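Sequences listed follow chains P and F, in order.
According to our numbering, the stretch in the first sequence is residues 1 to 408, in order.
According to our numbering, the stretch in the second sequence is residues 1 to 452, in order.
Hint data in this document are derived by calculation from the structure and do not stem from the laboratory.
Careful: at least some of the hints might be erroneous.
Now the in silico label distances, taken between C-beta atoms and shown as ranges [as the list claims (entries may be wrong)]: (1) P:E83 <-> F:R169: 27 to 33 Å; (2) P:E269 <-> F:R440: 45 to 51 Å; (3) F:R14 <-> P:R355: 47 to 53 Å; (4) F:G103 <-> P:R110: 31 to 37 Å; (5) P:E80 <-> F:A434: 39 to 45 Å; (6) F:E354 <-> P:I101: 51 to 57 Å; (7) F:A285 <-> P:E370: 31 to 37 Å; (8) F:H136 <-> P:D104: 21 to 27 Å; (9) P:P293 <-> F:E119: 20 to 26 Å; (10) F:P20 <-> P:R110: 54 to 60 Å; (11) F:D118 <-> P:E83: 52 to 58 Å; (12) F:P20 <-> P:D267: 32 to 38 Å.
Chain P is nowhere near these chain F residues, computed Cβ spacing over 12 Å in every case [claimed, not checked]: (13) H74; (14) G88; (15) P187; (16) I220; (17) A234; (18) Q298.
In silico contact screen, one side only, chain P against chain F (beta carbon under 10 Å); selected entries [as the list claims (entries may be wrong)]: (19) V7; (20) Y23; (21) L25; (22) L28; (23) I64; (24) D76; (25) A85; (26) P87; (27) D126; (28) A187; (29) T190; (30) L201; (31) L280; (32) S342; (33) V346; (34) I362.
From a predicted model like this one, the values you see are computed outputs, not experimental measurements.
We treat Cβ as the ideally placed atom computed from N, Cα and C, and that holds for glycine.
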Amino acid sequence: MKQAQRVLSTYAVDMFGIASSLYELGGLIVMHDASGCNSTYDTHDEPRSYDTQSMVYISGLNEIDTIQGNDQRLIDDIAEAAEAARPYFIAIGGSPMPNAIGTDFKAIQRLVADRTGLPTLGFRTDGIHSYLPGAGGAYVWLAKQFVKPASKKPELPAKRVNLLGLTPLDFSVVGNATTLKQIVTDAGFTIQSSWSMGDTLEGLSTAADADVNVVVSSTAFYLAQYLRDTYGIPYVVGIPMGEKGTADWLEALRKGDSSYVTGLTGDEEYVKAQYALADLNAWKTEQAYDDTPCDVLVIGEPVYLRSMKAFLEAEMGVEKVRLLCPLSDAPQWLLKDMEVASVEAVIRQECRKARRVIADPIYARLLPDEPDKFISMPHEAYSGRHYHDDMPIFVGPSFTAWMKDKLK
Amino acid sequence: MIYENEVNPPQARRYNHVTPDGANIAIGKASFPKPFYIGLQYASPARGHWTIAHSPMLIPGCHEIYVCCACCLHGVVLSADEVPEGAGRFSMVTLTNENLIKGNLEEMMIDGIAHIIDELPERPKCVEGFTSCMQHFLHIDLNVVYGTLRERYPDIDFIDGYMIPTLQRRYSPDVLGRRQLMRAVQPLPRKKAVNYVVNYYPVDADNELSVMLRDGGYDIHDFADCQTYEQYKAMGESEANIYFLENSEPAAKDMKRRLKQEALYLMYSYDYAVLRQNLQTAADAFGLAMPDCDAYEQEIEAKAKALLEKVGSTPIAIDYTATPRPLGLAKFLLTHGFHVYAVYLDKILPGEKEAFDFLQKEYPDLELRSAMHFKRGLLPRDDSKKFGKVLAIGQMAAYFTDTKYFVNLIENSGLYGYVGLSKILDWIGEANAAENPKMREIIQIKAWGCHG
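Isolated chain P, as found in the complex (with noise of 0.2 Å):
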């Protein structure tokens, strides 16, 4: 049965990815849902919000609204909170039951926009598919919505850098987020702008201005195309792991090199974040890797994955590598030459050809009496709070003599 799932746990969903993305921007974020929902997100994947004030609510949907498909309950309760707060913007998300009944998020947007006077997101989600398309499809509409014309053109070697992609569901608040900052502007960059972490609003209008994009996470990937797009700014896709990983990252950050970790062109064609969300059927067993053992099986997130990948290969010695992603719906792109399994059998199977496993804590329950075997890199969007004591700083030169302790 490929969708039982004894001892793992879950990817925050697509309305979460909404959230996180946008949290700190001043908007009125609505998760279309009965109850619940945003206290999970709270409470278990959102680090700020003990100490952050955030329009991030619940709608509390009820029965006889679903079932009339009424919304006008939604449409004034946005109305009555943005008079009193004043968000920037609103962007509203579904759960599975708005989902189910096919309401209209593209004319909810409207309603609202029409009503407040402000940008509004009507994203159909379905609380289903994982955080990453959501992220996705709210950079995208932020970008264009907000992203002033450039007043200069892109230029190599880079000076300017976006940060795309950066939200505690990826990087935690343990201090990742503020090193790989201090890495670039230590480097001599300019941070152009930060899509999401420590920025405004205002800061993230101006990203038409830099020269490359670097997508730290695939919740940004779509943002990087569609910059590329628009505005001509290339993109490089990783996470700067490791001395040796620190350095080539800054340097294909100056060329604008795509292929950096992924090997991409970077024309490669845009493919809307709605895309994911439109399949039915995440838990997928693409079978990559024969059953030969292999030194080190990384789990997690795309552009995480590719990076350690590297950073493993050149740094520690490890000649071979392996990557699973659990997350069917991440960037077409960014899935090549990995494994893409959600399935708890399937993932067992792989922690077992491997010799040691890089993964979030919870996947050790798979193999319970192999506890050394795996490493624990714990990942805000699948275990929330639980493990921050655990995480370590991944970004950065330190990161070599962490991992070469845990890999003795």
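The hints should help you fit chain F onto chain P, whose structure is shown.
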């Protein structure tokens, strides 16, 4: 290490322009039972009370299997994971759009639950399965699901659990959840015993009701204190179910229907007359001797007086997660000279009507504050700075007033009756005397103290 600049980025927008209108109201102007219009809903990060993922763990040996969409699963699996050993008692089957379109809801649920049971290292004695709004909206036939599972696994008790917040025509998720927790209890030959149902904390053994019952020769089966599955099943031998909480009433009535056990409502209260009446009701029902209520009341009066000398005019805020009777507690404290200035709640339970009417008349300035109104997350949490010191009763009150002087009370934490009230006063005294340095950690953990 958590980076302060990442959890509290300095450039993030502030909302000083938001007024408290609609989120706060003086009780003198408030309506019963809904003092606020709740449109868009805010969820506080202070989440210490129990959730649907935790309560089934109070049935020893029960394995939870949620059959839901990913958004619902993500919350419950991570909440269960925060309980010691919780992950080992939790599994799930993910509902996809493919299932919704194909309509194979029963088949995927049967196959999924069976797959998990077959893979568990030990055979569970009880399995509580959970369905979500989607399956019920599409009319899943649970008789087929559980009928098949019971036939295939006759040695396992199956409970049909529900996580259906959209579909609340009769019961809230909490009420329905409490009722279902008792569904695996079956009739047994009668013994001289009573049950306490359905609390999430074991009832404090010192309280006068428990003493009366034990002195009268009754065994007490406390749902929240069952250590083995056999103890849980032994609740079927009791004469009656005693419940303290409105939300447990459908459970008690369901057991009356199924097991022919009497249902006795001895409501939580801080009102001497109600406490006395509760004991009289129990004495009449079970032929017990009444305790010396005067002595209890005198002791509490003396304790309250001594406590007031220490607490003085310190502002006190109470929230609804601390006690199902936040207004009743406010009334007790106000009438004993304490300075209660705010009560956080979103609705007022029927058992609070008398306290509401009293406070509306006698203390009309007492402020009711919604915990889930959309403005709550935008209003400043600075009472403790404004007032110098705030004493909070409950985790939400501690968060919203930002004080470390707080009473870590959740749904009365098992404290009941005169003795319970007396102990609450002790706890208030302890909270007033020293800050709790772990406040921030404690209040963010769901079901803090849950060791089911």
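- Task: Look at the Cβ atoms of R14 of chain F and R355 of chain P and judge whether their distance stays inside 47 to 53 Å.
- Result: Holds: the Cβ-Cβ distance is about 51 Å, inside 47 to 53 Å.
- Least C-beta distance from A234 of chain F to chain P larger than 12 Å: holds, 30 Å
- Task: Report holds or violated for the interface hint on V7 of chain P, using the least CB-CB distance to chain F and a cut-off of 10 Å.
- Result: This hint holds: V7 of chain P lies near chain F, its Cβ roughly 7 Å from the closest one there, short of 10 Å.
- Task: Return holds or violated for the Cβ distance of G103 of chain F and R110 of chain P against the range 31 to 37 Å.
- Result: At roughly 33 Å between Cβ atoms, R110 of chain P and G103 of chain F fall inside 31 to 37 Å, so the hint holds.
- Message: Next item in the hint list is D76 of chain P. Is there a CB on chain F closer than 10 Å to its CB?
- Response: holds, 7 Å
- Tell me if L280 of chain P is really an interface residue toward chain F, meaning its C-beta lies closer than 10 Å to one of theirs. holds, 4 Å
- Task: Verify the interface restraint on D126 of chain P: the C-beta must sit less than 10 Å from at least one C-beta of chain F.
- Result: holds, 7 Å
- Message: Given a cut of 10 Å on the nearest C-beta pair, is the interface hint for S342 of chain P held or broken against chain F?
- Response: holds, 8 Å
- Task: Please confirm whether G88 of chain F is truly not at the interface, meaning its C-beta sits more than 12 Å away from all C-beta atoms of chain P.
- Result: violated, 8 Å
- Message: Min Cβ distance, Y23 of chain P to chain F: is it shorter than 10 Å?
- Response: holds, 8 Å
- Message: Quick check on the hint: A85 of chain P CB to chain F CB, less than 10 Å?
- Response: At 6 Å from the nearest chain F Cβ, A85 of chain P passes the 10 Å test, so the hint holds.
- Item | No chain P beta carbon within 12 Å of P187 of chain F's | holds, 33 Å
This entry does not satisfy hints 6, 7, 10, 12, 13, 14, 28, 29, 33, going by the numbered hints stated previously.
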